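From these two lone chains plus the hints, build me the complex, please.
First to last, the protein sequences are chains A and B. Numbering of the first sequence is given in our numbering, commencing with residue 1 and proceeding in unit increments. Numbering of the second sequence is given in our numbering, commencing with residue 1 and proceeding in unit increments.
It is worth saying that the hints were derived from the structure and are not from the lab. None of these values were measured; they are calculated from a predicted model. Don't take each hint at face value.
Stated by the list, open to error - To give an idea of the interface, some chain B residues facing chain A are shown, with a C-beta separation under 10 Å as derived from the structure: (1) A111; (2) F235; (3) G238.
What the hints assert, rightly or not - Facing chain A, according to a computed beta carbon distance under 8 Å, are these residues of chain B, among others: (4) D74; (5) A115; (6) R190; (7) T225.
Said to hold, decoys possible - Covered stretches of chain B, as calculated for chain A (at least 3 residues, CB under 8 Å): (8) 240-250; (9) 283-293.
Glycine is no exception: its CB is placed at the ideal position from the N, C-alpha and C atoms.
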Amino acid sequence: MSGDAAREARADAAAPSPYLAHHFPSMAAQLETSKLGLWLFLGSEVLFFSGLFTAYGVFRANHWALFHYAHHFLDWRMGALNTVVLVSSNLTAAWSVRSAQLGDRRGLLRNLALTLVLASVFLVVKYFEYSHKLHNGVGWGAACHPSAEILASLPDAARALPVPRDLGVFFSVYYVMTGLHGIHVLVGMGLYLWLLTRASRGHFGAGYYVPVDAVALYWHLVDLIWIFLFPLLYLIG
Amino acid sequence: MTPAEAALAAPAVAGESYLTHRRGVRSWLFTLDHKRIGIMYLALISACLLLGGVFALVVRLHLWSPGGALVSNDSYNKMFTLHGAVMIFLFVIPGIPSALGNFVLPLQVGAKDVAFPRVNLLSFWLFCAGAVLFVATLVAGGLDTGWTLYPPYSLESSRGLGILLALSGVFLAGFSSILTGVNFIATIHRMRAPGMGWFDLPLFLWALYATGIIQIFATPVLGITVALGFLERLFHLGIFMPEYGGDPVLFQHFFWFYSHPAVYIMILPAMGIVSEVVSVFSRKPIFGYRFIAMSSIAIAVIGFFVWGHHMFVSGQSRWSNLVFSFLTLLVAIPSAIKTFNWLATMYKGAIVLKTPMLYVLSFFAIFGVGGLTGLFLGALATDIPLHDTYFVVAHFHFVMVGAVMIAFLAGLHYWWPKLTGRMYDERTGIASAILVFLGFNLTFIPQFLVGVAGMPRRYATYAARFQGMNRLSTVGAFVLTLGLGFALYGLLASLRRSGARAPANPWGAATLEWSAASPPITENFAVPPLGRRPYDYNGLRKVSDEAGWVGVEEGAR
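If we strip away everything but chain B, and leave its shape as in the complex, we get (with noise of 0.2 Å):
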């Protein structure tokens, strides 16, 4: 063997970085490298969100005139399905657990890997064989039933192909979704470094831990539920479609027992990516710590058991709505807990106002207003009156969009460095997170307020005298969009052979993630570390903007 060959045989060199040290599409289609697959995941949901954006524009458009400005009605419906689809099965489920958190989660535990990485990387093709499935129902004339995809309408005869492909489409991203729960779960209770006890975890790992309890328990139900949906399109079993016997509201009780606790597999990570920022970027370790960890485990368990609240309107006993409001105003209690623990870490604290940081305190306000407007519809006396109207579709807006969009942003330019070894460009940062801001409350203000009069959701044409407010919210959709075009221009800039090279520490954070270099080596860390406490930024010590922080006993080497 010649010394060329011994060198090419050998394992990947100790200490490269996890980017450059194979190469090739192979090597990134087949890595069973956690960082390899957050970053497919990221540019997958990504390119899913761009999809959905234009579905969103072109609805927002269409809605500028009264009669509808710009697709016909039947397309419109086409449009506004699809929007709610793809955004919600390939961006805002998947998003932030799937792309950060599959990056993330072994770095901050202080492993080489997630427990399971070959089941992670199959996750990673399901996911994507989903996607493409979604995207087939543009070519097979498309899908018209709304996201909820409820029967009888859903499943008629005269419904083509389109309905069949969501259907396998969903089936196949919710069994990526358990797979990456299951490997979360049992990477957080097995691999956790040396040292590091269950309350020495981030607490966007206890996010993770929730998020996780709701996809391996709740996604198989909808699993289910569409593939009876499926075979009862293909031959009429009786069980969904009344014309045979079968009962459409079962489909609903299914299809809210995953869909609203997957409202939490969205928010509970979002929440775990502010619980890090506001407190790096705060310099004060996290107030509540407890508090806040258990919340999300109270989240998690309580959102089991409030989905009834989608079907206030579908005959339900009044008893059954009485407990189901009842348990959806328990979930208030622990939302309003983390609330008030960021904003005491922020309290007296040193505030830098960067990028993750803009984006968390946009999250604070829009989640703030998400919140409170979900009581309204929590409530059975003034859910009745606002069901179906834009007050329900600006509510999740305001969660969906302003809250998970909005901290997945806050996530992604926290961890930008460390996922790329790149700083993004600060000013462009801030533009981007004003303009989202800004944007995001013109789009979706006026929504709540042509609600609150009486606009139904989901029609192509809407009454005279809502124009203006629906034109002020096609021109925010604008502005948003625009935000998001700095977002992305700022980071993918960054990437350009001239970007400015992250430190390995770059916010002075205290997590495992921020010991490792940026980007990280394949195998993470060069030596074990240990755990330690999360939020303790007592010994780390700022050197330069180029160098970041260091801890004391490194500074003193």
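With the rest of the complex left out, here is chain A (with noise of 0.2 Å):
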């Protein structure tokens, strides 16, 4: 018998939902639990990231210089672009959970997709922008000698200055922010494969939405590291 018949032969019992663990007395209960659990998880993660927020200002106080002349090398407007990308996946993701709320099982599968392939789009950007400063020599720390080229791509006031030294500062910095927000995109992108897996299967619907709406949540702190990490390394002169 395949799990889904298994499943419905359950439910045609009127048997409690196959996904309410053993430990909690209801659905409701599972879900508000669930929810909390994550919220705190959550505030971890901000407390995470919260430690490079402070080196970036650290560095930013004792090395305002530099870091005037580093954010030349960034592209304003691959990070606008990765902005509105990300920002769109967010419009999709919280349209899953209302999707999964109202058992709409077509439209679920659709913003789930959706958010993956926004995902995706976010990352091929980000790959881009990290081959382009990789090739032309603009690594983090004591890896850091950009490229003749893209020296003389900079904008005229730039140019026209000495490359400072400890000019990997920034570049670490970028590259650890960026880098760990990537790998947090990395696992949002696998945890709505396994969301599109599990909707494929019709296991999301009215009763049930507690993964669709978790990840969502997860997703939205994504999306908020990267609204406070676009204006800090591209735009701040």
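Written as structure tokens, this is what we have:
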């Protein structure tokens, strides 16, 4: 007997939901508890990133001229494009929760797939940014030796200046912050892939949508962090 | 389907002990039962205590003579580093919450399990992986940076694989701690028995709640710090290493932003155990319940804003020093509130001097000294000369060993009947409590004295005039070890076939875990319990030593 048939048979017998864990009294209790747990975890995530934001603030204060110079290496158009992509993916993520709550299976599949696609677009853009920099010697820390080519492409004001010492410190901060964020995007993609498989098997509906809700909350945090990263790294001169 | 097959397919028999309802190694390693996970944690952290203890004995033996009596100076540096790192990250921080907390918390709220059993198992496995990485540093040539891992020294290119393994180990153990905290807070919020209000929570749970706040919000900062340290060592980021433009003092800020609150991850659950035991063994409701509960939260919150007192001589601004010093002294207020409430609980109580209570009395004496010497170190003027002397070493051992480990032993003896269904031997337990108390004080009081006299910490050698005190300290360490050996023997001996069986409620306690069987059934309670006042001893009656205590209504039946 396949899993689906077994599940339907159990539902027919009006048994409690197969997704109710044994230690919860009701689906509502399970949903509330899971969301509380996730919020706590997200709070932990915020503090995880806060170390990096603090490092950013300290280094920006100590090396303000270097940070001003270095931000010319980042292309704000790429950052803006990714901001639009990620914010759109948050719309589809929130929409997927709505679809699940309404029991709209097609809408759920569409929104989950769209979220996954937009997340991939974000990483592809990021890949082009990273590879362009690394190709031109703009690595992190001690490995930052910008090529003549990329120096020539800087705006006039920056081109006139000598390359500052410890330029790599800015790019260490840049790579670590965007890299850790990128890892979170990758994890999110894995989660959306998992949701898609489960949704295609009809696991979610009005009675049970905890995972869709939880992953969407996580995805909103990933978006929120980017919304801080974009201006701090790309826009502030 | 034959009846035999049907019996196998059926769920575990209701009413069977969690220890025996399934057998085999796999049924333990992949269990989702909070009780089994708690027992596995207990075994693992006890092994870590043993490992850290061996390092400590090597350190103490080496300091038998001023020039070093046992190992080379390099080996000494590795020994004290690994002693500190193993004890802190693998024993004192996870000890009480992960082992005893995991076991007791769902029982005390009257739930079947923690909110997220799978996450709980994941947390255990992350901890195992972290512990393995720490042990691997030994194989990889050890680590001689001190447990604080301060750069630039710790992240220099010449440091081998050891530092990378240790940083990864801290990272994994940290995430294990975060997940435990999430589980505890969600469970306390959402899984309480019907009728159990916030102020019906046993004080151990208020302590674990406060601990959870710190675990969730301080540990990730350590996580990102060790991740940055890892990358810095491999790729020279220039975040912490000055030669690449980094800031080593930033590491200290990050490190202590976690590692000072971590002190409260250690002490708060210990205080929770003390609150339970002192009330039960004084046969008197806890005095000042709400004050004790709220002082746990106060310690957790204030604890986030005191980290700078570790950096009074690191060159931070004098205004920072002033503010950090002031905030540090504030922690004394909730700590004193707890202490006075415990003492008031004992006042005119009918005190029963069993092993857990003896350990708790040791806790009062030692925590009093440990806490008050903390004031000397929190106050700027006295910290500067005492900084990095043995006075500091003695102070934090008074808190981490004298208070936390002794409370852990109190809790272990207190809940041992519930964990195992067996009664430990009372005389062995009492002997262990006395030996541990004497050995502890003999080890660490001399360290206060040499510290004030100016002996610096972390050196493999010392001035000849400190020899007498150091020898006392070494002798004390062996007395302490003997006491711990007695405790271990007394507990393990009770597991023999002939060991005395424990009744459900051997102590006459009123918290919910004592209404479950000893050991509890897999689902914890045969009938889901209702909340009740945790320290209301009216209605409890002792039947006999073997049958323990029963409630009035049960006795009437």
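Evaluated hints:
1. For the restraint placing B/A111 at the interface with chain A, the shortest Cβ-Cβ distance is roughly 6 Å, inside the 10 Å limit, so the hint holds.
2. Given the 10 Å rule on beta carbons, the hint for B/F235 holds: about 6 Å separates it from the nearest Cβ of chain A.
3. Contact between B/G238 and chain A, as hinted, is supported at the beta carbon level, the nearest pair being about 4 Å apart and thus within 10 Å.
4. Interface restraint check: B/D74 against chain A, minimum CB-CB distance 29 Å, threshold 8 Å, status violated.
5. With its C-beta approaching chain A no nearer than about 5 Å, B/A115 sits inside the 8 Å limit, and its interface hint holds.
6. Annotation: B/R190 was flagged as interfacial toward chain A, and the flag holds, the nearest CB pair being 4 Å apart, inside 8 Å.
7. Hint on B/T225 holds. Least Cβ distance to chain A is approximately 6 Å, under the 8 Å limit.
8. Counting residues of the region 240-250 of chain B whose beta carbon lies closer than 8 Å to any beta carbon of chain A gives 5, which meets the minimum of three for the stated coverage.
9. Counting residues of the region 283-293 of chain B whose C-beta sits closer than 8 Å to any C-beta of chain A gives 0, which falls short of three, so the coverage hint is violated.
Violation of the numbered hints given earlier is confined to hints 4, 9; the remaining hints are satisfied by the structure.
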